[in-house]
Amino acid sequence: MAAKGLADKVRETQVWKSIFRHGPPDNARNRAAVVAGNVFLHLHPIKLKKSGVQLGYTWCMGGLTFFIFLALTVSGVLLMFYYRPTAEYAFNDIIALREHVPLGIMREIHRWGAHAMVITTWLHMFRVFMTGSYKPPREFNWGVGVILLVLTLLLSFTGYLLPWDQLAIWAITVGANMAKATPFLGHGGPGAALAQIGDFVMVSDKNDVRFQLLAGRFVGEPALLRFYILHCVFIPLVVGTLIAVHFWRVRKDGGISAPL
Amino acid sequence: MREFINWMADPIRSFPVVCVLFFLMMKYYRIVGTKKFLYLALAFIIPTAIWFGSDPNFFTILILPDNIPIIILLVLVGYLQWFTLYKSAENDKRIEAGLCPIEGLPENREKVWCWPNLVYTELFCIIAATCFLVVWAIIFKAPLEEPANPTWAPNPAKAPWYFLGLQEMLVYFDPWMAGVVLPGVVVVGLIAIPYIDTNPKGNGYFTIMERPLAMWGFLFGWLVLWIYLIIVGTFLRGPNWTFYGPFEYWDYHKVVAEYNVNLSEFLWIKGLNTSMPQNMFLREILGIVVSLGYVFVLPPMMAASKFGKGMIEKIGNMRYYILVMLFLLMMSLPIKMVLRWLFSLKYIVALPELELNL
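Just so you know, the sequences run in chain order A and H.
Here the first sequence is numbered in numbering that gives the first Met the number 0, starting from 0 and rising by one per residue.
Here the second sequence is numbered in numbering that gives the first Met the number 0, starting from 0 and rising by one per residue.
Since the hints were derived computationally from the structure, they do not count as laboratory data.
Virtual Cβ for every residue (Gly too), placed ideally from N, Cα, C.
Worth double-checking, as some hints may not be accurate.
Keeping only pairs whose Cα atoms sit at most 20 Å apart, straight-line, the calculated EDC-like set for lysine to aspartate or glutamate is [what the hints assert, rightly or not]:
1) H/K140 - A/D25
2) H/K269 - H/D250
3) H/K313 - A/D25
4) H/K26 - H/E209
5) A/K49 - H/E109
6) H/K140 - A/E138
7) A/K49 - H/E257
8) A/K251 - A/E220
9) H/K253 - H/E2
Which stretches of chain H does chain A cover? Using the computed rule of at least three CB atoms under 8 Å from a CB of chain A, they are [to be verified]:
10) 161–169
11) 200–209
12) 252–262
13) 298–306
If we take Cβ atoms under 8 Å as the criterion, some of the chain H residues that face chain A in the derived model are [what the hints assert, rightly or not]:
14) E2
15) P68
16) E109
17) C113
18) N148
19) A156
20) K157
21) P238
22) F242
Using the sequences and the accompanying hints, generate a full structural model.
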């Protein structure tokens with residue numbers, strides 16, 4: 000009998016067997032078991048139509064979006080160890096990150112990854128439209144995807160403020176001034192002037208949507224804290240939940256689209 | 000030559016050019032969607048890109064680290080758009096011959112194991128993406144400007160690049176339209192698409208022939224109104240949001256004379272040769288009638304046409320009116336652009352008393 004390879008020996012240890020309940024995925028039974036028995040892989044169907052695995056059809060853009068989201072979560076958590084969201088520390092913490100963390104590319108990964116995620120999300124949507132994959136039975140999941148697209152942009156937008164440099168506060172100022180112009184809800188928008196009872200102004204710069212967004216009338220420290228919480232906690236939680244819905248519905252609506 | 004390109008790049012001229020190019024691309028997608036065309040296009044685009052990049056003024060904008068993603072996006076959109084046309088042309092030829100689309104061939108419908116087929120593809124994509132990100136992160140440092148200073152605004156103050164299409168719309172619309180209403184319409188409109196588009200064909204494969212309306216409409220919005228405006232907002236807008244050609248130096252003192260006139264001024268002062276009425280609603284009566292007519296009278300008029308009747312028969316009244324409404328709101332942007340260029344029109348309805356300018 001030929002000497003068993005090291006790999007085979009490892010496979011027979013109790014430790015290995017306790018982790019992986021099945022043999023190597025070289026036969027039908029084990030291939031099913033490896034996907035169904037693994038919490039991460041079980042997002043996938045065990046078998047799927049060939050067109051669903053072809054790069055020419057999917058462009059892998061949805062999968063890449065999810066992967067970049069995970070990469071951003073990891074690099075973002077690492078950045079949170081170094082960063083304090085206050086007007087006093089924020090900018091200096093970024094400097095420190097650049098000057099004192101050896102081989103630090105986490106901020107770069109996070110920033111370019113954020114750009115990349117916007118791109119992959121758009122291209123995923125582009126592909127889904129081009130192949131008519133929003134058509135029944137996938138109408139609802141298309142809507143979930145559109146919301147995820149909006150949230151992706153909001154994630155990127157809220158993150159824009161955190162470095163607390165000139166680019167950050169002025170880009171957010173440009174964006175927040177749009178909120179000021181919201182009809183009826185912003186004090187500079189149409190209809191706000193009508194919301195007045197006697198001398199009492201219902202929509203003013205102290206309570207309109209821009210105020211709620213910035214926690215103030217301009218981009219200051221309260222806005223920094225607000226954007227930090229939105230960016231690191233609130234929006235990721237919503238996105239995570241919706242991603243679960245999105246993936247679940249991909250499976251329940253019959254997997255990746257193919258000709259009927 | 001450089002002067003000519005600077006002159007051509009102004010949205011007044013480049014927007015119609017882009018529209019014509021879009022029309023030609025969609026009309027002749029079977030020619031565009033061939034490999035021969037791709038090679039020809041690349042033989043033209045690559046030297047042109049190098050030539051553009053060799054210009055010091057354009058180069059300084061091009062290599063801003065925050066502009067790199069836009070270049071990546073443009074390359075990907077360009078290639079994938081061609082690829083879509085290529086796949087559609089291939090399928091449409093087959094469908095015309097009475098065959099099924101390529102995605103519907105038995106060998107593509109056959110079921111394969113997730114492991115190893117899909118898992119390995121995903122692994123490959125993840126590794127490629129990781130390498131790409133790491134290399135990108137090593138080459139380009141994340142930029143950091145001077146510390147935040149609320150008392151000194153940089154010029155131009157630009158929003159993040161993916162919002163530059165919206166910021167560009169601010170040239171033609173007030174913030175309540177460009178920043179709130181139109182983006183809201185985009186989101187609602189996108190969500191509504193599957194409920195409006197009842198055409199069962201083209202589900203799960205690339206085709207243009209079987210769903211021309213959906214393709215033309217979506218691609219016009221995506222390529223012309225979204226991507227093109229981002230390009231303009233990023234590369235062609237300098238200090239004070241003034242237009243600068245790709246080879247033009249961003250001169251902070253460039254002054255552009257603009258005399259934009261409201262529709263009400265056209266009517267009362269130029270047309271009727273009288274002073275403006277005191278009552279603001281009377282003053283703006285023409286604009287109000289035109290705007291309300293655009294939204295409430297035009298759709299029923301279109302419904303009475305032969306095309307409208309056919310549409311209603313196919314998708315029903317409700318879907319028809321939602322579709323037309325979304326379409327008209329989308330087209331309000333190019334219409335406003337053209338009116339601005341042709342007549343220096345500022346506002347169709349100008350009610351600054353109510354902050355309601357349209």
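For this session: Starting from the hint list further up, note which numbers the structure goes against and sort them upward.
Result: The structure breaks hints 1, 2, 3, 6, 7, 8, 12, 13, 14, 21, 22; every other hint is satisfied.
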